[in-house]
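Student: Sequence:
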Amino acid sequence: MKNYTIYAVSITIRIVMGFMLIALIWKFDFSPFMVLIIAILNDGTIMTISKDRVKPSPLPDSWKLKEIFATGIVLGTYMAIMTVIFFFLASDTDFFSDTFKVRSIRNNPDELTAALYLQVSIISQALIFVTRSRSWSFIERPGLLLVGAFLIAQLLATVIAVYAHWEFARMKGIGWGWAAIIWIYSIITYIPLDIIKFGIRFALSGKAWDSMIQKRIAFTTKKDYGKGEREAQWAVAQRTLHGLSTNETSELFNDKSYRELSEIAEQAKRRAEVARLRELHTLKGHVESVVKLKGLDIETIQQHYTV
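In short: position in the sequence shown from 1, add 1, done, that's my numbering.
Just so you know, the hints here were simulated from the structure itself, not pulled from any lab data. Treat each hint with caution, since some may be false.
As the list claims (entries may be wrong) - Okay, derived cross-link-like pairs now, BS3-like style, lysine-lysine, Cα gap no bigger than 30 Å in a straight line:
#1 Lys65 - Lys3
#2 Lys173 - Lys28
#3 Lys67 - Lys3
#4 Lys67 - Lys52
#5 Lys3 - Lys52
#6 Lys52 - Lys65
#7 Lys28 - Lys102
#8 Lys102 - Lys173
To be verified - Computed spacing ranges between beta-carbons, pair by pair:
#9 Gly144 - Ala181: 21 to 29 Å
#10 Thr100 - Val160: 22 to 30 Å
#11 Lys52 - Ala238: 55 to 63 Å
#12 Leu146 - Asn109: 31 to 39 Å
#13 Ala24 - Leu157: 22 to 30 Å
#14 Asp95 - Leu146: 38 to 46 Å
A quick note: this is a predicted structure, and the numbers were derived from the prediction, not measured. C-beta: ideal position from N, C-alpha, C; glycine also.
Can you make the complete structure from the sequences, with help from the hints?
Tutor: Encoded structure:
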């Protein structure tokens, strides 16, 4: 149900935004009957998701509405933009005709309707393979029923776009050359969908903002994103906490490269741990550990006992 919900949100955004932009920018009136055909074929394919082959979640799952709507909106917006770009290339330029040596359909609204119908149909149904998987969509094998339904629906959609000449729907077939071009364009625009899905999930996890804002490593040029430097700084803080000298380590920051700081940090960690263990075996260390455990003010108590 969660996969279907993401798919439904994406398709809604994609259909509404895509056709709205095309209508506003080019004043193009896409046939409502072809939208109905897209909906029927999509629904027929989506019904097979109940028999899909899906990996169970390794952890207890929840609806995560924020992730559902964020993923759906971003994926839907991306697909709508790809449709607008396709329509621009087909209606306002000779990019496809010059690149693939096919006839131009720039001044033929009926053939533009057929081309737009096929592009929307292919990428809309292919989206289900992205939303159903947690990993790469081409790694998690879908159920045979879902694959079969997708292939049958898109074969039918391709045949309609190639041969159909429906005056009531203001549509005329575009031939196999244009159909092949649309399939290639759809496959190319399908590839980034998985990457976008991973990016949304990473952004919502909070790790992206922590790395970029808190750790300030978004635009760093340091080796391993400055990991060695941060480890060395941690070691200095530990040495200061346990009363060890930090002059030597401070000088190393100026003399050593970041490549050597990782090894220095490991050595400093070991020295700090030895000092901490040594201090815990004294009466003072024992008292301080008990005070810290109880949450008392150690500065005040230190004035009232001696070791």
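Student: Each hint: holds or not?
Tutor: Here is how each hint holds up against the structure:
1. At roughly 9 Å between alpha-carbon atoms, Lys65 and Lys3 fall within 30 Å of each other, so this suggested pair holds.
2. A hinted pair counts as satisfied when its Cα atoms are at most 30 Å apart, and Lys173 with Lys28 qualifies at roughly 19 Å.
3. Proximity of Lys67 to Lys3 is assessed by CA-CA distance (about 12 Å); at most 30 Å being required, the pair is judged to hold.
4. Distance restraint check for Lys67 and Lys52: the Cα-Cα separation of roughly 27 Å lies within the 30 Å cut-off, and the hinted pair is therefore satisfied.
5. Under the criterion of a C-alpha separation no larger than 30 Å, the hint pairing Lys3 with Lys52 is consistent with the structure, at around 15 Å.
6. The suggested pairing of Lys52 with Lys65 holds, with an alpha-carbon distance near 23 Å, which does not exceed 30 Å.
7. Between the alpha carbons of Lys28 and Lys102 the distance comes to roughly 28 Å, so the proposed pair stays at or under 30 Å and holds.
8. A distance of roughly 20 Å separates the Cα atoms of Lys102 and Lys173; the hinted pair therefore holds under the 30 Å criterion.
9. Between Gly144 and Ala181, the C-beta spacing of about 28 Å keeps the proposed range 21 to 29 Å intact.
10. Judged by the Cβ atoms, the range 22 to 30 Å given for Thr100 and Val160 holds: they are separated by roughly 24 Å.
11. The supplied range of 55 to 63 Å is met by Lys52 and Ala238, whose beta-carbon atoms lie about 57 Å from each other.
12. Taking the beta carbon of each, Leu146 and Asn109 are about 38 Å apart, inside 31 to 39 Å as hinted.
13. Remark: the range hint 22 to 30 Å for Ala24 to Leu157 is upheld by a beta-carbon distance near 26 Å.
14. Restraint check, Asp95 to Leu146: a C-beta distance of roughly 42 Å satisfies the suggested window 38 to 46 Å.
In summary, this structure violates none of the numbered hints.
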